[in-house]
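Engineer: Chain by chain, the residues:
Protein chains: 2
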Amino acid sequence: MNHRTITAELLTIGDEILYGQITDTNAQWMSIELGLAGIKVVRKTSVGDVEGEILTALAEAEQRVDIVLITGGLGPTNDDLTKPCLAKYFGCGLKMNEEALAEVTAFFASRGRELTAVNRQQAALPECCEKITNKMGTAPGMWFHRNGKVFVSMPGVPHEMKRMMTDLVIPKLKQTFSTPVIVHKVIRTVGIGESFLAEKIAAWENALPPHIKLAYLPSLGEVKLRLTAIGDTEAELKAETDALSDQLQTIAGSFIYGHGEEPLEVMVGKLLREAKLTLSIAESCTGGYLSHLITSVPGCSDYYLGTMIPYSYDIKMRQLGVRPEVLEKYGAVSEPTIIEMANIVRAKFNTHIGVATSGIAGPGGATPEKPVGTVWIAFSDKDKTVTRKLQLSPDREINIKMASVAVLNLIRQNVGKSVVRTQ
Amino acid sequence: MNHRTITAELLTIGDEILYGQITDTNAQWMSIELGLAGIKVVRKTSVGDVEGEILTALAEAEQRVDIVLITGGLGPTNDDLTKPCLAKYFGCGLKMNEEALAEVTAFFASRGRELTAVNRQQAALPECCEKITNKMGTAPGMWFHRNGKVFVSMPGVPHEMKRMMTDLVIPKLKQTFSTPVIVHKVIRTVGIGESFLAEKIAAWENALPPHIKLAYLPSLGEVKLRLTAIGDTEAELKAETDALSDQLQTIAGSFIYGHGEEPLEVMVGKLLREAKLTLSIAESCTGGYLSHLITSVPGCSDYYLGTMIPYSYDIKMRQLGVRPEVLEKYGAVSEPTIIEMANIVRAKFNTHIGVATSGIAGPGGATPEKPVGTVWIAFSDKDKTVTRKLQLSPDREINIKMASVAVLNLIRQNVGKSVVRTQ
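Going line by line, the protein sequences match chains B and D.
Take the first sequence: its position 383, counting from 1, is numbered 383 in UniProt numbering, and each next residue is one higher.
Take the second sequence: its position 317, counting from 1, is numbered 317 in UniProt numbering, and each next residue is one higher.
Accuracy of the hints is not assured; some may be wrong.
A pair holds if it fits inside one copy or across any two, identical chains being indistinguishable in the list.
Taking lysine-lysine and the DSS-like style, the derived pairs with C-alpha atoms no more than 27 Å apart in a straight line are [as the list claims (entries may be wrong)]: (1) 135 to 389; (2) 213 to 131; (3) 200 to 238; (4) 213 to 88; (5) 135 to 370; (6) 40 to 95; (7) 95 to 270; (8) 162 to 224; (9) 370 to 200; (10) 185 to 213; (11) 88 to 270; (12) 224 to 135; (13) 329 to 185; (14) 401 to 370; (15) 95 to 200; (16) 401 to 135.
It should be emphasised that the hints constitute simulated quantities derived from the structure, not laboratory data.
Keep in mind the model is a prediction, meaning the values are calculated, not measured.
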């Protein structure tokens, strides 16, 4: 490779990080995105809302790296010092940026709110910076370029920072610096744990060439595999990773639901839309989270019609219509009840498919036969009803999320059996 | 105050943090524990598994702070460099520590495993350190004391580090340094943006004494305020922050829903339980997220009975029972429809309270009169129906989450009007 490594430091400003009041999720996200862009993070630093500390950290970072990415300290309040510190560090004054002012004004107008004097001040920027538009909030970002080094200041609010990084900062960094070619390929699996997957694909993994690395990225109910190839030619790297991905398909195909950035709920939505099938949900222990996953996808109203959450026994019987004798004989967390729930919601809501969940999310409600983490799920269509019993964890949040993912997987398996998706 | 501030830096060693492969949850936990012990974290630093970077970071930290707390890089593999780097930095050799060897041997024996040569090496420590026992694992911690400064090295595995900190490191730091008392008070607000809140409480904020600091901690739909008081006597500081919090109650009381760690959905749940009121939900644009917030609270079945998510027009009419003429005349996103939704779900589900959401979450579905982010919410009980129109953001996820928080706030305002909660 002909490229020198381009290095970055992440500098977080704010007492709330130092005092442990918030978790710094930004730094991890930024590390990953920069890595994907061929930029190597070599240091992370957090300092408090103290001018001297901020100025020292800026000077130290400038010595060490090519790119300094700063988050936090851009709020409209007095404890936010990033902007005055940057003005001081680069030796230029703050001046009202008319474009930024127009953007902030429009942002407030779009929400039917008036611009306060405090918010107006957010549009005052150091004269020596380029403004970076904040599409999701009121504090503009700032881009400084001096002696071949770049400093970028962004808000600490995660969704504002992420949008700014993705749309503007990373493309501009790639233009500014000569980064190596990096090709990533993400293979998404569901329904198999990390260690079982690792065993299954060990021979394939051991045969990877040295310029291609594999990472396991587990989340609740899913494991993403990421191949990272570094070289000079994009087409070559892409061909290599595609061939490796094809090999993986023959080894672990039934667990692979997709490639790239598309999450399971989006893929399930596409399956339903393409098959022209409609979905309704009766969820009990997942309490709305399964519906939330389905409805987090824009345009889901093409295939998703509605949900009943019959949390209480009474609502299960009177509103959904589960027969009292079934509930009494087998209990809410049972195969006969989950079958009724899926079939009834499908019939009532007049959809092609009905799915259902019922379980002990915890921490209360367990019995010796049904410990916390016992969850029944079901899929129903005109031809069949498929059930599954899950034994999950002692943790309520994990159980809610894993059970919801398991239902998405159940829909995938029973709608899209013959469909193998690549992108 | 008679104490000078005792300062600490947290130094994390390991490529996996820099590359974003794992979330650094240790640093947040350590910050909180040190804060409670009266030790002020003034910087957090992460470096990779590179000798030069580690030695530089140690030297920089020694200049800045009294206490350097190091985590990570203590594993048995070759890429773990913390121990040789510390030996080099303090200029002493590695030597087998017999007590550590006995502890590691016993640890392995207790799990029925044999000590390998690699694990044996974990008991070799720099001669100039004090060993710190690791009750939860095999890598001992190390304590260095030079020129009044303390360096502590601990494993990066969270449960090993936490046990070591709680049992041994924090007590020993308190013995070594004369630490002040620090008291935090968190005041939680909802329904007012950060800049509006800042304007409202500006006079109060400007009158804070110098030993008490204020921080704004915003999240979607909420802003937490944190007072941090430093002094000598816990009772005195507590009285001061309580008095300040009481003043704030008179200035911004209607936006304050609680104090401390309890989130809004837990507080709303307590209100409902104490008032012996039951809740049902008809949510459309929030698609299950509101129900998910309510059901994320253990024991919510005491007051929450169920939800209908009538996502399609047809389900709104046939299943929930909104009158077709209302839907046709005013549309799904309208005050007449949201009133029907809240009233009907309350009646059908036979609860004291019904709440409802209907809006344009986006990106599709907007009209000139109803842009993306237009959301109607309603609260209904036997005495009244309260509605509110929200104008939120262009972002689907933000709209779903902010609308859900707004409904929780609507419940709080209409159930708990006369209840002022402190803890």
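Engineer: For every hint, state whether the structure bears it out.
Structural biologist: Against the structure, the hints:
1. 135 to 389: Classified as between; 23 Å across copies, 45 Å inside a copy.
2. 213 to 131: neither (37 Å within a copy, 31 Å between copies)
3. 200 to 238: So residue 200 and residue 238 pass the 27 Å test inside one copy only (24 Å; across, 56 Å).
4. 213 to 88: between (40 Å within a copy, 24 Å between copies)
5. 135 to 370: Close across copies (20 Å), not inside one copy (49 Å); limit 27 Å.
6. 40 to 95: Classified as neither: same-chain Cα gap 34 Å, cross-chain 35 Å, threshold 27 Å.
7. 95 to 270: neither (49 Å within a copy, 49 Å between copies)
8. 162 to 224: Classified as both: same-chain Cα gap 21 Å, cross-chain 22 Å, threshold 27 Å.
9. 370 to 200: Answer is neither; intra-copy 31 Å and inter-copy 52 Å both fail.
10. 185 to 213: Result: close within a single copy only, 10 Å intra versus 47 Å inter.
11. 88 to 270: neither (52 Å within a copy, 49 Å between copies)
12. 224 to 135: between (30 Å within a copy, 24 Å between copies)
13. 329 to 185: neither (50 Å within a copy, 50 Å between copies)
14. 401 to 370: within (19 Å within a copy, 33 Å between copies)
15. 95 to 200: Answer is between: at 26 Å across copies they meet the 27 Å cutoff, but 60 Å inside does not.
16. 401 to 135: Between copies only: 18 Å across chains, 30 Å inside a chain, cut-off 27 Å.
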